[in-house]
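Trainee: These protein sequence lines map, in sequence, to chains A and B.
In terms of our numbering, the first sequence opens at residue 1 and continues consecutively.
In terms of our numbering, the second sequence opens at residue 269 and continues consecutively.
Hints are computed from structural coordinates only; laboratory data are not their basis.
The structure displayed is predicted, hence computed values, not measured ones.
It is possible that part of the hints are untrue.
Unchecked claim - To give an idea of the chain A side of the interface with chain B (calculated C-beta under 10 Å), a few residues:
(1) L18
(2) N20
(3) A107
(4) A214
(5) C215
(6) D227
(7) A232
(8) Q234
(9) G236
(10) G237
(11) F247
To be verified - Stretch-level coverage of chain B by chain A, calculated; a stretch enters the list once three of its residues show a Cβ under 8 Å from a Cβ in chain A:
(12) 325–332
(13) 378–386
(14) 478–491
Glycine included, each C-beta is placed from N, C-alpha and C at the ideal position.
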Amino acid sequence: MTSSVIIEQLKREKILDLLNQGKRIDGRGLHDQRSLSIEIGVIPKANGSARVKLGYTEVITGVKIQPDKPFPDLGDKGILICTAEILPLADPKAEPGPPGEEVIELARVVDRGIRETEMLDLKQLVLIKDKSVIGIFVDSSVLNTDGNLFDACSYAAVGAILSCTVPKYEIKNDAPVLVEGVTSKPPTKTIPVSVTMARIGEYIIVDPTADEEACMNARITITTNSDGNICALQKGGSDGFTVEQLFKCSEIALSVGTKIRKQLEQLM
Amino acid sequence: MTQLMNENGIRCDGRSIDQIRNVSIKVGVLKNADGSAYIEFGKNKILAGVFGPRDVHPKHMADQDSGILRCRYHMSPFSVTERKNPAPSRREIEISKVIKEALQPAVILKDFPRTVVDVFIEILQADGGSRCAALDAASVALVDAGIPMRDMVSACAAGKVADKIVLDVNDEEDKEGQADMPVAYMPNLGKITLMQLDGILTPNEYKKCLETAIGGCKQVYEIQKKALMEKYFKNGEA
Numbered sequence: 001m002t003s004s005v006i007i008e009q010l011k012r013e014k015i016l017d018l019l020n021q022g023k024r025i026d027g028r029g030l031h032d033q034r035s036l037s038i039e040i041g042v043i044p045k046a047n048g049s050a051r052v053k054l055g056y057t058e059v060i061t062g063v064k065i066q067p068d069k070p071f072p073d074l075g076d077k078g079i080l081i082c083t084a085e086i087l088p089l090a091d092p093k094a095e096p097g098p099p100g101e102e103v104i105e106l107a108r109v110v111d112r113g114i115r116e117t118e119m120l121d122l123k124q125l126v127l128i129k130d131k132s133v134i135g136i137f138v139d140s141s142v143l144n145t146d147g148n149l150f151d152a153c154s155y156a157a158v159g160a161i162l163s164c165t166v167p168k169y170e171i172k173n174d175a176p177v178l179v180e181g182v183t184s185k186p187p188t189k190t191i192p193v194s195v196t197m198a199r200i201g202e203y204i205i206v207d208p209t210a211d212e213e214a215c216m217n218a219r220i221t222i223t224t225n226s227d228g229n230i231c232a233l234q235k236g237g238s239d240g241f242t243v244e245q246l247f248k249c250s251e252i253a254l255s256v257g258t259k260i261r262k263q264l265e266q267l268m
Numbered sequence: 269m270t271q272l273m274n275e276n277g278i279r280c281d282g283r284s285i286d287q288i289r290n291v292s293i294k295v296g297v298l299k300n301a302d303g304s305a306y307i308e309f310g311k312n313k314i315l316a317g318v319f320g321p322r323d324v325h326p327k328h329m330a331d332q333d334s335g336i337l338r339c340r341y342h343m344s345p346f347s348v349t350e351r352k353n354p355a356p357s358r359r360e361i362e363i364s365k366v367i368k369e370a371l372q373p374a375v376i377l378k379d380f381p382r383t384v385v386d387v388f389i390e391i392l393q394a395d396g397g398s399r400c401a402a403l404d405a406a407s408v409a410l411v412d413a414g415i416p417m418r419d420m421v422s423a424c425a426a427g428k429v430a431d432k433i434v435l436d437v438n439d440e441e442d443k444e445g446q447a448d449m450p451v452a453y454m455p456n457l458g459k460i461t462l463m464q465l466d467g468i469l470t471p472n473e474y475k476k477c478l479e480t481a482i483g484g485c486k487q488v489y490e491i492q493k494k495a496l497m498e499k500y501f502k503n504g505e506a
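Working from the sequences, and respecting the hints, build out all of it.
Mentor: This is the structure in structure tokens:
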């Protein structure tokens, strides 16, 4: 216990020391992301799936599509639900059980990024208005943690949605029935890309690792769409940002996001 | 669908684009709490109570080097049009977390190791922007409880309605509008401690929206100060 605390302290000092020289502990530039690999179609039984590796952070997302009842106040729209879970095998500190506030925040930030950019045209998923719609369930499981779960889950969710095929349903006797062998592409309008940044001292770094997250003062996740607009944002961590820092973060999110979007576009 | 803004730039509740709703704050409204505040922010009616520093339960949450801050944002079942299930929803858990993180930079708990400061927020009636109003009440309640603080935390949202950046988004504007950006700000330190965004903004609108929200936070700050003065300096001392 004590030894790990000492190691943490030494690591923290090293990280701060390197930042003062403009360097990061894994050799990256301040605004560089770790290498990102996205593999799609990894779960054939899902309607869409993706496995993302962002450095050592690893996430698998599956999309399931099935008919459902619409939300009472949104009868003219299909359902989109994004969830996230940190599996107990992902981290020695993770435990099975109901999700804690961190995991709930993770799922809601991923959901907000996809929902607020209007990535999916949910109006195209209505079978009978107010009665029956198609539901898109996007479930992300974290397989290994090394910081920045927000972006890893978000890229996996977007990748899984882009790669999914939507089964066709017909209404017979007021109930939706699957039409075998007919599928279509998902009604996507834009590609959301989230970029998470940490502030350590006065430095803004992109894509923090777990060690960097342990010494960050504050965190921000900004999601942009294909038109270069800012669509969703979440500040976290136990300290704040100045206005100038937030302006800078939005610029970084746009420029880093463009590169990631190119990688995601290749999945289509 | 209601019309959100008329041709003269007047909003559905009669405000101009840079006007906040009526805000009133009362300090020290709960007898048993160490600090408390009641806020009315438009139609929002919110109580905040602070307890502590006190013993931590469960004990494993205690920090040997500092006090900890906990926060619960909860909506009463009767606070919204359709009855809300009283069990904490995922939305409430997330808001509790962001409110805690917005207050954390302001409080100084180093001198109270192994203790907790609990902030309980009850939304008695919800209108748009309840998390900001809740934060405004909570930080006044923390001051009332005598918790050492670096600065006040003042919160207000801005958003995009009918293609214009507007201050302090209300319920109708939140539901039908184009973007909502809640912001919490420490006015003397110039630091943003809560920020979220739902909706689509261009980079320029993003900057304008943030600046507009901060303007609102500064207005709320004056109201918070006045409320505290009323309780603590009633007889004209100060």
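Trainee: All hints, please: hold or fail.
Mentor: Hint check results:
1. L18: Nearest chain B Cβ about 25 Å off; hint violated.
2. N20: Nearest chain B Cβ about 22 Å off; hint violated.
3. A107: holds, 7 Å
4. A214: With a minimum Cβ separation of about 15 Å from chain B (threshold 10 Å), the hint on A:A214 is violated.
5. C215: Violated - the Cβ of A:C215 stays beyond 10 Å from chain B, reaching only about 16 Å at its closest.
6. D227: holds, 8 Å
7. A232: holds, 6 Å
8. Q234: Holds, because the Cβ-Cβ distance from A:Q234 to chain B comes to roughly 6 Å (cut-off 10 Å).
9. G236: Holds, because the Cβ-Cβ distance from A:G236 to chain B comes to roughly 6 Å (cut-off 10 Å).
10. G237: Nearest chain B Cβ about 6 Å off; hint holds.
11. F247: holds, 6 Å
12. 325–332: violated (count 0)
13. 378–386: violated (count 0)
14. 478–491: It holds, with 3 qualifying residues against the three required.
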